[in-house]
Amino acid sequence: MSGASAITRFLLRRLAHAAFLLFGVSVLAFFFSTFAPGNYFDDMRLNPQISAEQLTALRADYQLDRPMPVRYIRWAGAVLHGDLGLSFAYNTPVGPLLWARARNTLLLTGTAAVLVWMLALPLGVWSAEKLGRPADVALSWATAVLLIIPDLALALGLLVLAVRSGWLPTGGMVSVGSDGFSAAHRVRDVAWHMVLPVAVLVASALPVLLRHVRAAMAEALQAPFLRAAEGQGISRRRLLLRYALPAAAHPLIALFGFSVGTLLSGSLLVEVVMSWPGLGPFLLEAILARDLYVVIGAVLLSTLFLVAGNFVADLLLYWADPRIRAEASRR
Amino acid sequence: MEPVIRVENLVKRLAGRGLGRRVKAFTAVDSVSFSILPRATLALVGESGSGKSTLALCLAGLERVTSGRIWFEGRDLAALAEKELRAVRPRLQLVFQDPASSLNPWWTVGEIVAEPLLVNGRTAKREGHARAALVLEQVGLAAEYLERRAQDLSGGQRQRVAIARALILEPKLLILDEVLSALDCSIQAQIANLLVEIQRAYGLAYLFVTHDLRMAAHLADEIAVMSGGKIVEQGVTQDILRNPRRFETQSLLAASRVEPEAM
Amino acid sequence: MSARSRLLVCAAVLGTLHLSVACGGFLAPYDPAAQDREHPYAPPMRPHFVDTQGQIHLRPFFYAQALRTGSFEEYAENRATAIPVKFFVSGAPYRVLGLLPLRVHLFGGGVPIFLLGSDAYGRDLLSRVLFGGQVSLLAGLIGAGLTLSIGLCIGAVAGFWGGWKDEVLMRVAELFLALPWIYLLFAMRAFLPLTVPPLQAFLLVVMVLGAVGWARPARIVRGIVLSAKERDFVRAARGFGASDAYLLRRHILPQTASVVLTQAAILVPHFVLAEMTLSFLGLGVPEPVASWGNMLAALQHYNVLVSYWWMYLPALVMVPFFLGYLVLASLLHGSYGTSKIE
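Chains as they are written, first to last, in our numbering: chain B, 1 to 331; chain S, 1 to 263; chain V, 1 to 342.
Hints in this document: simulated from the structure, not taken from any laboratory.
SDA-like mimics (lysine to any residue), calculated; alpha carbons at most 25 Å apart, straight line:
#, chain 1, residue 1, chain 2, residue 2
1, S, K125, V, R250
2, S, K125, V, D232
3, S, K83, V, R249
4, V, K165, B, F30
5, B, K130, V, V327
6, B, K130, V, A3
7, S, K125, V, Y246
8, V, K165, B, L22
9, S, K125, V, D244
10, S, K230, S, A255
11, V, K165, S, L62
12, V, K165, V, G223
13, V, K165, B, F20
14, S, K125, V, Q255
15, S, K125, V, R249
16, V, K165, S, A15
17, S, K83, V, D232
18, S, K83, V, L248
19, V, K86, V, I56
20, B, K130, V, H333
21, S, K83, V, W161
22, V, K165, V, R219
If you want a taste of the chain V side facing chain B, the calculated C-beta under 7 Å gives, among others:
#, residue
23, L175
24, L179
25, F322
Quick reminder that beta carbons are idealized off the backbone N, C-alpha and C, glycines included.
Using the sequences provided together with the hints, build the complete structure.
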């Protein structure tokens, strides 16, 4: 079996799986929306600015009178053409609205992901090495402290700190008048605004991740083949990088997918509290406004990100773990 | 004399598992026939992979038969539905090889031995435990063992408990699937003797499945040698030991180093 | 200390914490909905033991707090009158566990005593924290119980009977796990009525929590059931006529007990936090019923965040509970499991 076709087949299979997940989630979302007690337009009816005729027109427009499977097929077809529906509240297509927000969420979550792994990996390896010793215990206690503080408290707390000290911006993504900034200044401005939300995300995700990295590394370090290598007099550094880390690759890469999910979830609250213009506040607003297609779109987009994250993890795993490659080429 | 059990052309095919993968069927038991008389012992001897354990499970009703018949008490067990089988099961019991996994480690001995009675719903708890105590005595364990947890017992003790559990329903046929293989040599002899005693006391027929020809010779009236899912040689114990005709029998003989005269 | 006694101590501490919240009616000096428009945003009052003359009193006393004349925000202590604390006073009626009506409170005084300060409507924060804790903790506990029950059933069915049931159920579980879980939670909440009375809102929150978290426990239970049903003692039981239901009930499900307990210790604080998040954002339990989440909603206003630090306290009340559950989970986990995430 040639390597190229094996990897293509693996890729295709994982892609098909990802597509199935997205499809399944969209069906679920539509399914739940049908069971929503009360009509979506009941709340809109209470809004005096919308007349009865407008309401009927809207209903016809969105075809909310049709049964669910029909609506779903129509919507799914539209999505595959890139059209995510219309927002009731904004009266514009959902797609561009979501995408603008999604970019901001990606920026935040992506930065947090990089940072959290940059911290968790070395710290995890280090504490796995010093397993049980005072340094490791101290680190465990420190992460436990972070773990027990709810991220809501953390977010609000850091916000208070920012307000009181005046060092950091207290919310939003850009400062007032940022349109007039030079490109470099704008980048710096956004970065400055990112400090607090990223800090909260990292602080909430780090403890759990660190624990798991530590556990995975500790297990890898206990493997017999490592002890044998040690006996051969290989340097500690080489031992860690060339022997232990690859052995722990499997659980670590699985952890990557898991961390993406945790960060995406955490980002919702952080974005709302810190007024970061991402998917989170937008989803909340849509929920409160009963904006159906925005809600479904936002949920789908967040799923897409998570599925993409897991897909990347699968690819890394394929590359890192020869067993998976062998199994895949056998099929 | 009517045999306790008569097996006719039993076939068990195992399918490869999984959807969409190549289903490679494997015939574990290939048209096997034999019968066991009351109070007699038939030893089924073969190497691992010969199909003897699968055959034992089929007889005990724990695996579905692909084709063939199992005549027991005038009925064909292979053709019975699960519910009807349940009525017959008490009289045809199986003792497993590994006492560590065949007994629920968290349960007490009393609970384990009494379980067959309580499962069928025919007996009340107290009566069940009383019967359990009696049977336990028969296998050489004092009443104090009733309260001990299975995980606290030794291998030999556990196997005794397993045998007691099989006996409590007063079966006519006991299938012993490699029951001595997991035990230490010294304990093996003890349990083997216990089995002989119990057979006399209860008037049981035994199907003794093993890879050890020596053990088989010690316990069995008849020996059937199994290989590749088939019975390749069958006969009275002494005949098999003195004149092993098949290559498989000879290698089993060599592996267990039995002296025919020592019988 | 042995593992078992460590577990008992941890459970005891956690139990005491929960008990004190359950006895919220007694420990709280006031009704959580009782407003005092004359004391909005009053800062926490300190108990004193030494009076202005330097005399030491065994019984703590408070100085009445009132708004400074001309100010809407600043409070000053009136050192002229000392209000001694009275214990076991009769106050606003409440019900223990929703059943037994009582009026006795642990402490009280003639004037409003705000140990933790008051909120915008002059409602005592300590009372609200205690009653809010009842709501939040109950939501977490019931939600976790619900989701674990569902997960257990589904995992058992999938693992025991296998076949197409297993495929379908595990695919659905995979779908539920494909979303970031907060988005799943919010999506489900989104499709339910938004403006509902507090009790219904509470039930909705619990229902949504229960419906969201079952996938991971189900997968874990399924794994255990799969390996358990192959064990010889299960086949032996089948050999003497045990039915499927009996096998599940007596042999297989008991083996899931340890994992279910560990999952419970992990899920309860997670769900309490979820309720807090929902209520904080206006999708959970609404005013005037207190919940740790909706008490923090006021902090979304810049003004409140900066000036009234005591409004932040409900965010920290959760910490000892989190700690207790964390220790419990790692003790249980250490006794049973591996470190792998499922």
